[in-house]
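Now for the letters of each chain:
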Amino acid sequence: MTDVITGAVALGLVWAIVSIGVWITYRILDFPDLTVEGTIVTGAATTAIMITHGVSPLLCLLASFAAGALCGLITAFLHTRLKIPALLAGILTNIGLYSINIRIMAGTSNISLLGSRSLIDTFMSFITRVAPGGSHSLLARFLTFLATRNMTTILIVGIGVICVIALSTWFLRTSYGCSIRATGSNPDMARAQGININMSKTVGLMLSNAFVGLGGSLLCQYQGYSDVQMGIGCIVIGLASLIIGEVLFGKSSTLHSLISVSLGAILYRIIIALVIQAGMQPTDLKLFTAITVALALFLPTAIIQVKHLRGRLRRRHDAGL
Amino acid sequence: MLVCKSLSKTFYPGTANERRALSNVSLNLRRGEFVVIIGGNGSGKSTLLNVVSGAIRSDEGRVYIDKQDVTFTSEYKRAAYIGRVFQDPMLGTAASMTIEENLALANRRGKRRGLGSGVTRAERALFKEMLAPLELGLENRLTARVGLLSGGQRQALTLLMASLRDPKILLLDEHTAALDPKTAAKVLEISLQLVQEHNLTTLMVTHNMGDALKFGDRLIMMQEGRIVFEASGKEKQELTVTDLVNRFVSVGSEVLC
Numbered sequence: 001m002t003d004v005i006t007g008a009v010a011l012g013l014v015w016a017i018v019s020i021g022v023w024i025t026y027r028i029l030d031f032p033d034l035t036v037e038g039t040i041v042t043g044a045a046t047t048a049i050m051i052t053h054g055v056s057p058l059l060c061l062l063a064s065f066a067a068g069a070l071c072g073l074i075t076a077f078l079h080t081r082l083k084i085p086a087l088l089a090g091i092l093t094n095i096g097l098y099s100i101n102i103r104i105m106a107g108t109s110n111i112s113l114l115g116s117r118s119l120i121d122t123f124m125s126f127i128t129r130v131a132p133g134g135s136h137s138l139l140a141r142f143l144t145f146l147a148t149r150n151m152t153t154i155l156i157v158g159i160g161v162i163c164v165i166a167l168s169t170w171f172l173r174t175s176y177g178c179s180i181r182a183t184g185s186n187p188d189m190a191r192a193q194g195i196n197i198n199m200s201k202t203v204g205l206m207l208s209n210a211f212v213g214l215g216g217s218l219l220c221q222y223q224g225y226s227d228v229q230m231g232i233g234c235i236v237i238g239l240a241s242l243i244i245g246e247v248l249f250g251k252s253s254t255l256h257s258l259i260s261v262s263l264g265a266i267l268y269r270i271i272i273a274l275v276i277q278a279g280m281q282p283t284d285l286k287l288f289t290a291i292t293v294a295l296a297l298f299l300p301t302a303i304i305q306v307k308h309l310r311g312r313l314r315r316r317h318d319a320g321l
Numbered sequence: 322m323l324v325c326k327s328l329s330k331t332f333y334p335g336t337a338n339e340r341r342a343l344s345n346v347s348l349n350l351r352r353g354e355f356v357v358i359i360g361g362n363g364s365g366k367s368t369l370l371n372v373v374s375g376a377i378r379s380d381e382g383r384v385y386i387d388k389q390d391v392t393f394t395s396e397y398k399r400a401a402y403i404g405r406v407f408q409d410p411m412l413g414t415a416a417s418m419t420i421e422e423n424l425a426l427a428n429r430r431g432k433r434r435g436l437g438s439g440v441t442r443a444e445r446a447l448f449k450e451m452l453a454p455l456e457l458g459l460e461n462r463l464t465a466r467v468g469l470l471s472g473g474q475r476q477a478l479t480l481l482m483a484s485l486r487d488p489k490i491l492l493l494d495e496h497t498a499a500l501d502p503k504t505a506a507k508v509l510e511i512s513l514q515l516v517q518e519h520n521l522t523t524l525m526v527t528h529n530m531g532d533a534l535k536f537g538d539r540l541i542m543m544q545e546g547r548i549v550f551e552a553s554g555k556e557k558q559e560l561t562v563t564d565l566v567n568r569f570v571s572v573g574s575e576v577l578c
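Top to bottom, those sequences are chains F and C. Anchor point for the first sequence: position 52 equals 52 in the numbering used here, and the numbering is continuous, going up by one each time. Anchor point for the second sequence: position 252 equals 573 in the numbering used here, and the numbering is continuous, going up by one each time.
Derived by calculation from the structure, the hints in this document are not laboratory data. Treat the hints loosely; a few may be bogus.
Stated by the list, open to error - On the chain C side, residues computed to face chain F include the following (Cβ under 7 Å):
(1) Ala400
(2) Ala427
(3) Arg430
Don't be surprised by glycine CBs; every beta carbon is placed ideally from N, CA and C.
Isolated chain F, as found in the complex (with noise of 0.2 Å):
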């Protein structure tokens, strides 16, 4: 069971980070990008053939992250340049990518990283290494508590959740940033004061498909494979972290907001690996999430209209109705 909850945490944090990345579009430029999809497949992908031709996983992490601001600039590309509407241009570019992806995976459709080292397991070896052996003292027994594949994950990417999160917060606070976030709530505005709409959408986009691909990568080095399917759904689970995140957690401020989705997609996780636990089908889940996420969205009406019907009830029994 604690092998259930780490793995979902593990899973979790991995999807903290596509879910920012599926914040920033969604949230900060008012615009529903599907290129997701394509992109973490993209990451995963760049990671695995780079990883299996030797090449160092911190280095693959970068490559998977410049990969995913590629995604993004080419969706920026189909809507600021050639005026494709934001739904249609991230479609056109999510079933494109599905050929580049088999492409960068040199023409299979899934690659294992058996037999290759990933960050996880490099990290892994290490432990293992400094631990004292059969010494019972705390830090021993800590570091033997570390030295799962699941622990390390946790502790890698957590740290990498907060770099993502401090790098969000940073960036959204400064002059461009605040030129992102005018573009996302007001074009009119944004544009009536001098900011290029295009570039501002251009760079959030990037910015945002960049950390899609930054989580393909660690999603590809946790399970050990990538494979041309994985990206289904994607848009979903980060719309169902985004949404169960802020709801459950509140959204004040950027940083607040980007708390919240990150535990959101955590939570998700470990929902989805209680449900499993209980004996749902796997190939159910698909239609869980949906359901999901449609419920969460209802949420915030259903408890406007709850309100609502208290304070009518409320002032009828006040009037002695």
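Given the structure of chain F, go ahead and fit chain C onto it with the hints provided.
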């Protein structure tokens, strides 16, 4: 300061909906001049403002700002010279951002936006100082989201944003039309204060003929995409609302004939 030369604009040309919004309109604003434009719906006054701001490109004619030809300059680049307040109070500000962030966005108009802090400490002090005379209490709510403000407060904020960085031209597009009379009067008062203080070259569109007579150095009446009447100086001072209404009627009937 602003020169419009023979501007023409036709919407949906070659279709059943073809509409000539501007036909051969020329206009010249001196530095510091305050021109008020009146006219009925579809008379072309908003189109004229949009052509000046760059939101719409004219079919014919040229626009010069401070002797510089900006006819083909994109809207966001032109924004460096132009402050603009829209009719809809929601349009001028970003609701999800704070008061100080909105002001800071305006304060960077025409400047490079880099990776420095979005709102600097010096700006914060400047904004406080600027907001206080409005007497709306906004100076103590710098970090409040603009979406929480009323229409009048948002419009006052937009005005302040438009007048920041002393624009070469201030465009006011029926900017009090969506407000209740009391708020409208207050916002108009703030507009005049800012125009006088910064000696701004201003182009204001209004539906309110009383305001049109009371304010501005020159009055322009538009109809069917043309300037049909112009009055300035003493002539403008002696005009009454009845005169204007009669003008509307006579011009209207001329056009009908």
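Now for the hints, and whether the structure bears them out:
1. Ala400: holds (4 Å)
2. Ala427: Hint on Ala427(C): holds, closest Cβ of chain F at ~5 Å, below 7 Å.
3. Arg430: Hint on Arg430(C): holds, closest Cβ of chain F at ~4 Å, below 7 Å.
Going through the hint list in order, the structure satisfies each hint without exception.
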